[in-house]
Amino acid sequence: MSLDVNHGGICGLVGPNGSGKTTLFNTVLGIHKPDGGEIYFNDQCINNLAPHQIYDLGLVNAFQIPRLFYSLSVLDNMLVAAREQQGDKLFNSLFLRSKWQKQEEGLIEEALNILELVELEHLALSPAGELSGGQRKLLEVARGLMAKPRLLLLDEPAAGINPVLGKKIFQKIEEFSHNGTAFFVIEHRLEILFEFASWVYVMNKGKIVIAGQPQSIIDDPAFYTIYLGEE
Amino acid sequence: MGPLLYSLDIIVYIGIFGIVCLSLNLEYGFAGLANFGKVAFFLTGAYTYAILSQLGVPFYVCIIVGVLISAIVGLLVSFPALRLRADYLAIAVLAFGEILRLIVKSEDFAGGDWGMTVSPIFPYTTSSLIYRLENIGLIFIFLAICFIVVQLLANSPYGRAMRAIREDEVAAEALGKDRARFKAQAFMLGSAMAGLAGGLYAQYLGYVVPGMFMPMVTFTVWIMVLLGGPANNWGVLLGAALVEIFDRGTNIVKDYIALPVDPSDLQYILFGALIIFILLYRPQGLLKESMITLIR
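Protein chains in written order, with the numbering used here: chain A, 1 to 231; chain B, 1 to 296.
The set of hints was computed from the structure by calculation and includes no laboratory data. Watch out, some of these pointers could steer you wrong.
[Stated by the list, open to error] Facing chain A, from chain B, some residues (calculated, C-beta under 10 Å):
1) Arg83
2) Asp87
3) Pro120
4) Pro123
5) Val149
6) Leu152
7) Asn155
8) Tyr158
9) Arg160
10) Asp168
11) Ala174
12) Arg181
13) Leu189
Every residue gets a Cβ at the ideal spot worked out from N, C-alpha and C, and that includes glycine.
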C-alpha cells in the first residue's frame, strides 16, 4: 500500500474490523517489523528503527487499548512521555538534580494544562489504575499530546467515551493541528471523524481502497459496500 | 557467642543483606528485572575482595575493584540475558550463579573447596564486641550510601522511566524510553551494589568458601524484598531485618524444641510458607510501593 500524511491537519483511516488499520500503525511505529516495503517519515526511512528512535523523530502513538503505567499517577504517566528530559539519564538523575528539577517544573505545568483539556486535571495525583475506561482513553490521548509529536497516530480516540467528550477531543486535536502537529486517526465514530478530517483513507483487507476528502468518501457508494457490507 | 555479640552479628548481617536487597529492589522493584542470580554478583564481589586482599591490596581498593568487576560482569551478563522473557531471564541468571560458584569451587586461584582467608581491616586483637561495632559502623555507612543512591534514582525521571518500563515496556519504548539501556544500567548498578555487599561480607567473616554462595542466598534476598515491599526502599530494609531475625530466631529456637523434622529443613519449609503467604495475602509486601516524589 502507499499513503501519505501531510504536515498539520487531521487525516483519517477507516475500514471494517480486521482490515489491518491497527497493524498498519504498529508497523509504522516499529512494534511489528514489515515483511517488505519502506516507511518514510520526513524523507527518512524508518523501517529498521527501534520504537524509541521513531519517537525521537517525532512519530508518536496513542494505543487503541490504553497501555498506561497503572501504578504510576496520572501526572507521572504524562511526564514519562515528555521529550528530551534531562533527568532520565543515569548521571544527571544522581548528580545534576537542580538542572532537571527546573525542567520538571515546566513539564508539570505543561502536563497539567493538557490534562485540563481532557478534564483529568483533578485526578493528576491519582494512580492511573483507578481511572474509568473512558478516562484511561483520554489519558492515552493526552499522553500522546504531551510527547509534542510531529505526527501523532491515534487509534480510536473517541471509542468508549461519551459523544460530547469525543467531539471535544477532536476539537482539541484540531487546535493542536494548527500548531503544526499532524494527526493520523483511526476512528469508527465516522460522524465525528468526517467533521474534522481533511483527508480520509478507507482500508479493506490490508489495502487502501479509497482515498479522498470526507465528502467524496461519503458520496462514494463503494464506501458503504466496504464499510457497512451493504449497497 | 553471648546474646549481645549474637545480636550485633545479626545487625551486621542485616546491613550486608540490606545492601543486597536494595540492589534487587533497583532491578526488580523499580525496573522489573527478575534477577534470580543475585548471588553471582555477591560472590564476584566477595572473591575479588578476597583475592586482592591476599595480595596485600588496601581495603578501599579491594572494595572499589570488587564493585567495578561486579558491575562489568553484571553489564556483560545483561546483554544476552535481557533479550530473554522474564521467566527465562530468571532461569539464565540462576544458572549463571551456579556456574560461577562451581568455577570458584574448582579453581585453585580461588582456593577451591577450601576457599580463601581474608585479612580483616579491623584487627581481631581488640575484642569481639569492638570488632562487631566497627564493622557495623563501616557496613552501615555503605548501606546509607546505597540507600541514598537508590532513593535518588527512584525519585527522578530516570526512576519514573524504569517504573514505566516495568509496567509496560512496549508502551514505554513507544514513548522514547530505550528499554535495553535502562535495563542494562539497572542490572549493572544492582550488580555493583551486590558486589559491594560481597566484599563487606568477606571482610567481616575473614574468609570465603563456595558454600557461602548457594542459590538459597538469592532466594533469601527475594523473600526479604517480597516481604518488605518491592519498589519501597524502606520496605526492603524492613524485610531484610525481619527475615534475618526470623532466620536467627529459628536457629535458637530449634536448640530448645524437639522437632519431628530436621530443624534446618523446617527453616526452609517456613521460608517457603512465608513466601507463599506473602504472595497470596500481601503481594505488595508490608510497605506498598513508594510514590515518586520529585519536586512537588
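* **chain A contact restraint on Leu152 (chain B) - CB to CB distance below 10 Å** => holds (5 Å)
* To do: With a cut-off of 10 Å on the beta carbons, see whether Asp87 (chain B) makes it to chain A.
  => Violated: closest Cβ of chain A sits about 21 Å from Asp87 (chain B), beyond 10 Å.
* Asked: Minimum Cβ distance from Arg83 (chain B) to chain A below 10 Å?
  -> violated (13 Å)
* Asked: Would the stated hint for Ala174 (chain B) survive a check requiring a Cβ distance to chain A of less than 10 Å?
  -> holds (5 Å)
* Hold the hint about Arg160 (chain B) up to the distance rule: shortest CB distance to chain A must be less than 10 Å. => Since the shortest Cβ distance to chain A is 6 Å, the answer is holds.
* Against chain A, run the beta carbon of Val149 (chain B) and see if the smallest gap drops under 10 Å. => holds (7 Å)
* Return the status of the interface hint for Arg181 (chain B): holds when the least beta-carbon distance to chain A is below 10 Å, violated otherwise. => The hint holds - Arg181 (chain B) has a Cβ within 10 Å of chain A, the shortest such distance being about 9 Å.
* Asked: Can the hint on Asp168 (chain B) be confirmed by a CB-to-CB distance to chain A that is less than 10 Å?
  -> holds (5 Å)
* Supplied contact hint for Tyr158 (chain B), tested at 10 Å Cβ to chain A -> holds (4 Å)
* To do: Under 10 Å, Cβ to Cβ, is where Asn155 (chain B) needs to be relative to chain A, so tell me if that hint holds or is violated.
  => holds (9 Å)
* Does the nearest C-beta of chain A fall within a distance shorter than 10 Å of the C-beta of Pro120 (chain B)? -> Since chain A brings no Cβ nearer than about 31 Å to Pro120 (chain B), farther than 10 Å, the hint is violated.
* With a cut-off of 10 Å, does the beta carbon of Pro123 (chain B) approach a beta carbon of chain A closely enough for the hint to hold? -> violated (35 Å)
Against the hints set out earlier in the document, violations occur for numbers 1, 2, 3, 4.
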